[in-house]
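From just these sequences and the hints, can you work out the full model?
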Amino acid sequence: KNEVEQSPQNLTAQEGEFITINCSYSVGISALHWLQQHPGGGIVSLFMLSSGKKKHGRLIATINIQEKHSSLHITASHPRDSAVYICAVRRSGGGADGLTFGKGTHLIIQP
Amino acid sequence: EAGVVQSPRYKIIEKKQPVAFWCNPISGHNTLYWYLQNLGQGPELLIRYENEEAVDDSQLPKDRFSAERLKGVDSTLKIQPAELGDSAVYLCASRRDHTGELFFGEGSRLTVL
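Protein sequences, first through last, are from chains A and B.
Under the working numbering, the first residue of the first sequence carries the number 610, and numbering increases by one thereafter.
Under the working numbering, the first residue of the second sequence carries the number 2, and numbering increases by one thereafter.
Heads up, none of these hints are tricks.
Listed next, the in silico SDA-like pairs over lysine to any residue satisfying Cα-Cα at most 20 Å (straight line):
1. 662/A with 102/B
2. 663/A with 104/B
3. 663/A with 102/B
4. 712/A with 110/B
5. 664/A with 102/B
6. 712/A with 42/B
7. 12/B with 648/A
8. 712/A with 41/B
From the structure, some residues in chain A lie toward chain B, with a derived Cβ separation under 7 Å:
9. 652
10. 657
11. 710
12. 712
Pairwise CB distance ranges, derived in the manner of DEER restraints:
13. 667/A with 54/B: 38 to 46 Å
14. 712/A with 56/B: 23 to 31 Å
15. 64/B with 623/A: 44 to 52 Å
16. 618/A with 100/B: 29 to 37 Å
17. 100/B with 712/A: 23 to 31 Å
18. 100/B with 616/A: 23 to 31 Å
Read the hints as simulated data drawn from the structure, not as lab findings.
Backbone N, C-alpha and C define an ideal beta-carbon position, used for all residues, glycine too.
This is the structure in structure tokens:
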């Protein structure tokens, strides 16, 4: 079982819909990142969370440390939001500081 | 601030040839990562540097892959010889030390024929 699981793997929605992407992890973490990757493009960091909720424009990210779960929400979705959204966690407790990545959620917003 | 710069963006080589990728992180970022990303997969760590020291290279296939960050600034990742299975995107990232924020380069897409 992967340490970071994302759902759904693929999501197609109509413009304007409210989008939710989920991330569950099985290790202790010090931070969780939500990343966005457009086709052929580099990765852009959207949020870094260690607790609570963050909002940036139409994007909202929440994390529940006790349940080891995070969600990324997109309000009033737009075709330009079409991308792969990746959840990544940084383990807590020292040792390797590399990130563990989920496989990503491929989002398509149709006009 | 300027972002993480990688080159080349694209590289096509024949198997058994060598290839090198270069990364210049954001100025002042001491932590630098090289990741490999296969199509449809999340990035996988190859090596992490803290300044010029490779602090995690456990996933780097050392028989054919090497990396260096001699002055603790820019870094080079080399593959010699390349194999068909090395076709992937090689991503470089750096981390802002105080906040932990990550910044990724555009990646170098390698195709081995």
